[in-house]
Amino acid sequence: MAMASEAPKDGFRLSMLIYDTRFRSFTIQVIVLLLVLMGIAWLVDNTVQNLAAKDKDINFGFLWNRAGYDIEQQLIPYTNDSTHGRAAIIGLLNTLVVAFWGCIFATVLGVFAGVLRLSKNWLVARLMTVYVEAFRNVPLLLWIIVVFVVTSETAPQPKDFKVTAEMVQTGAEPPAQKILFGTVAITNRGWNIPAPLVERPLGVVNVGSVPVNLTLLAVIAAIVGSVLVNRAILRRARRIQEETGDRPTTWWQSLLVLFAPTILLLLALGFHIEVPAFPTDETGVSKGFNFQGGILVMHSFSALLIALSLYTGAFIAEAVRGGVLAISRGQTEAAYALGLRPGRTMKLIILPQALRVIIPPLISQYLNLTKNTSLGIAVSYLDLRGTLGGITLNQTGRELECMLLMMLIYLTISLIISSLMNVFNSAVKLKER
Amino acid sequence: MSDTHAETAFIRTEMLGPQLPPVTERGVVKWLRENLFAGWTNTALTLVALFVVFWLVQLALPWWLNGVWNATSLGECRTIAGPEGGACWAVIKARWHQYIFGFYPQDMYWRPIVAFGLMFVALAPVLYYGLRSGARLVGVVAVLTVVSLAALDHDIGHVVLAAVVMAGLFALAWVAPKRLVYVTLLYPFLAFWLLWGGSIWKPVATLAGFGVMVLVYRLIQPRLGVVMGTATGFITACLYWLFVQGSVTAALAGVPPELVPVNSDQFGGFLLAFVIGVTAISCSLPIGILLALGRRSDMLLIKTLSVGFIEFIRGVPLITMLFTASLLLQYFLPPRTNFDLILRVVILVTLFAAAYIAEVIRGGLAALPRGQYEAADALGLDYWQAQRLIIMPQALKISIPGIVSTFIGLFKDTTLVSFVGLLDPLRGVTQIVRADINWKGIYWEPYIFVGVIFFLICFGMSRYSMYLEQKLKTDHR
Amino acid sequence: MKKSVFLGVVAATAMTAGFASAATLDDVKARGELLCGSNTGLTGFGAPDANGNWVGFDVSLCRAVAAAVLGDPAKVKFVPTTGETRFTALASGEVDLLVRNSTWTFSRDTDLKFDFVAVNYYDGQGFMVKKDLGVSSAKELDGATVCIQTGTTTELNLADFFKFNNIKYTPVTVQDDSEAQRQYLAGACDAYTTDASGLAASRATMADPENHIILPEIISKEPLGPVVRHGDNNWGDIVRWTYYALLIAEEKGITKANIEEVASSTTDPEVRRLLGLEGDAGVMMGLDNNWAKNAIAANGNYGEIFEANIGTSTPIGLARGLNALWTQGGLQYAPPLR
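Note that the protein sequences, when read in sequence, are chains F, Z and X. Using the working numbering, the letters of the first sequence correspond one by one to residues 1311 to 1743. Using the working numbering, the letters of the second sequence correspond one by one to residues 2 to 478. Using the working numbering, the letters of the third sequence correspond one by one to residues 37 to 374.
Among these hints, one or two may not hold up.
Below, simulated DSBU-like cross-link-like pairs (lysine-lysine); rule was C-alpha separation at most 35 Å, straight line [stated by the list, open to error]:
#1 Z/Lys94 x X/Lys111
#2 Z/Lys94 x X/Lys113
#3 X/Lys111 x F/Lys1364
#4 X/Lys111 x X/Lys288
#5 F/Lys1472 x X/Lys199
#6 F/Lys1488 x X/Lys204
#7 F/Lys1739 x Z/Lys472
#8 F/Lys1366 x X/Lys175
#9 X/Lys257 x F/Lys1364
#10 Z/Lys304 x F/Lys1739
#11 F/Lys1366 x X/Lys65
#12 X/Lys199 x F/Lys1488
#13 F/Lys1366 x X/Lys149
#14 F/Lys1597 x X/Lys167
#15 F/Lys1597 x X/Lys175
#16 F/Lys1739 x Z/Lys31
#17 X/Lys288 x F/Lys1488
#18 F/Lys1430 x Z/Lys31
#19 X/Lys204 x F/Lys1597
#20 F/Lys1657 x Z/Lys472
#21 Z/Lys472 x F/Lys1430
#22 X/Lys167 x F/Lys1472
If you only want the chain X side, here are some residues facing chain F, beta carbon under 10 Å, derived [to be verified]:
#23 Ser143
#24 Leu148
#25 Asp151
#26 Asn202
#27 Thr206
#28 Gly267
#29 Asp268
Rather than coming from a laboratory, the hints here were simulated on the basis of the structure. Glycine included, each C-beta is placed from N, C-alpha and C at the ideal position.
Required output: the full structure, derived from the provided sequences and hints.
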């Protein structure tokens, strides 16, 4: 903006608040501040009046009342006797778990599709174009519904896995079989996958009201410890290499350090997997409605995850393609001149440079994916919106509190993701001098 | 020596024609070899891709081919299609108008169609300001509008009227392309009148408010400057809208021309999607520009407010904004205020879009070389003059692809309004169709129909924005 | 600046838009239109047909109220509400009346500050299972997967029922009836639970109804009825008595077809009061004395509405059961009109 030259030194006039560029910005800010404050006061006043008219108050006490409803997917223990607050936390965790896996899958898918779209193979490039355009130009809501219906219509029903009395007599097999050596059953209700179990658990300690599983903690500690020790070994090897020029053989040390402690710990704990199966009676006839044991991954979760990954993957593919195309052709030619093959050129030369172009759009895609998890409403996935902003809101009638809390949580998640990614971005950014 | 040459019979006197390349290096075979079967990995990829295509086709093709077009209920469809089953397109044939227009009265379909056609006429000067190419767009739109009217409306009067209006606009676009911008300015009011009906004097009286604003601005600006002029004009216009407009409208009520009023609860399907999408994007543009300027402002307070607003909106999902429109907005407004859910949704979607548009425009502003700002300062332009004459025209031009993709995203997201009980094409209308006892249990056909329309619209727009991006690249960097 | 623009626009709109006030009747009359909260589409109870005309059991009650208040059953605007938005829509004055198979519960009546003015359908939550599942009682559903609609009382009832009987289940929450039906048919859940009327309607429209059974247990009471806001008793009275007028009409044999004939010939004092030939019943509520006559003429009496939309002659085929008149062993009982 134009800076005025040294102004004449006559006295201050009121009109200078408007005409003098030194004071004008101050005037404008004061006016805006007043208007904003008035606006906020107006909103608050309205809210107070409306609440009074409806004989309501703002009270978050309902979060400690009994929820009374059940949630199908729980990452921490929950029953219908738990509180609304706990239900909200369950919902938050469900949101986060979809967002987390969604970001990973979408990235993998997006990088593959983006690179393959530039492939020399005509058919593959066209197929990837079809994939990208189909997903980018049709509402996500439709894809979520389609994936959900396809997964729940095509998979066999649990009862198709059951052994009936007739089958026991004739020795026939049930119409549907578990896959992966009889450990995983894909039904139209979800995926029954084996659960890792230990025979001699270390127990659970309650920290406040949050139960902490010591067994899990021990395993994580073992893995982290081995990785750290492995890094120390590698560092030592590098130091020796730099000092003497000979690199000591470390692969067997690494292997031992990385896997032995964890395996020993698991053996000591009595680790085994629990395969989902129908309970049977003495003659081998299956009973019950569902698989027992193992972990059930609900279809609402898997469908939401698949649809979100495919949809966001298409956008990431475009970002990746744009990034790759932004790298000058000379880089590829130089790599070829060095004798690198196309695959390695992409992996070693192009992608690392393209990454800098790709990351900013990638951040916004991660944010979009996280926000789009709220579309789980279409398949009734009980995420944060489904619990706090759905059933809890509906049963308690506290719209204001539930909605404000929900928006605040979403906002916090978004800000955390974008600040994390920005840190990453500035770490990989080309350091210009 | 030359004789020797002539006598040696084995020396050719004319060149041989070029030989055809070997069979593996030409035609289809070469193409196949280079594009599909170059190397092992490539061949494997091709085979996998072929398998995927084949699998998809054999899965869906019989169902498509066995489709039933003439039936009155799903049961009848099932009977006709027989045991192998087939698509029941009869539901689309019976209910397509609800997917397009919702419950808009059938004898008034000409109104949304004309409004839709005029939208492109209004867009023409935005896309091709002062160019004859705009006339070409207007011509195509005019023909399409009249044809679809002739197909859908049985009243020949409407068709003739639309044909005359469109021909007039085409002539205008051809003779004086710059004048078409007045159509753009009038369009919001015209579209409102066409879609909602009622007395024409209501939108005219509202429009008069802008007249008041411009008038006051013209009076004040020479004396007190741009800022005061704008502020006074704005305040006067607000006062007019709040206190005068109501009585003006009331006084003119019943004076023709008048259209049969249509309630907004009768809007649905793609009509609703367009109303929400187009209104939100066009209203969010000015707000977005202000927010973008605010974010780049030197004034700390304005910058903080803009950043806070943008980041808040961008941090929450659209669905929470829709639930806010449906559940919360009434808490923040004066007691006993109550207005249409569609209007509330449009307001919040506009705010939502404004934050995204602001970021797009901020990108455009950031892309301008610093020299442009300095040049404007050097010319002695003040802030608003510089923005209006130098910065914005360039920044907006760079931002057009971004604005189009924001619009595509928003247009797709209008499907979410079904969660607050509005009749969006995807879930809202489908739910109603399925509640009909004749079509209870139908599943894929409506989704495919709606999905294909969405794809055509969005794909068309994204291709168009890519074309624009190419065309607008005037720099020679 | 931006914010003030927004507020200005909102304020301008607020001024021109209507006001909802405590005197709902005056608002409705001034508006010339009744705003009725309805389903987004539930077969038989409320859904628009191919031309956008709303039809159904609940819809007919809205039309009767509109006829009683405004004299014209067409002067209704139906506002589709979802299970999650319905009560807020009513509380905020977006609708004057909610007739959307909503269950009368204590907390809705007290905590949410509504009045359930009548019960137009006595329902209860039941279970539907496939016949080949070999289940004959809901108590045998230990370990089963159950489909259930969100935003309703059914999810609380279901949790209570299984807890009380000390058996386990896996809930599959769904958004709406058609989605629940699809999942149930695909076998994604063993049982589908909702109001028994809804189950019957779903079963009736299936391709193979004989392969599905509705279990004998009715695990809850679901009195469904029209809802109005707390605090406007006159409006509540109007809705309540419009409904009772339909019941009295059935009791007295007044139908849509014979109402004019009855009006000209009747000597029954209650019928004369009902049809406005004697007394000032309508005026006492701030209506026309023809209110009940208009309401009955709109879609007929309660029995006719029932038969036309969900009765045994329709594909839904619900029997009257609890919803028969008290004289025929049901629960529908109108207080005397005097």
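Any of the earlier hints contradicted here, and which numbers? Hints 8, 16, 17, 25, 26 and 29 contradicted; others consistent.
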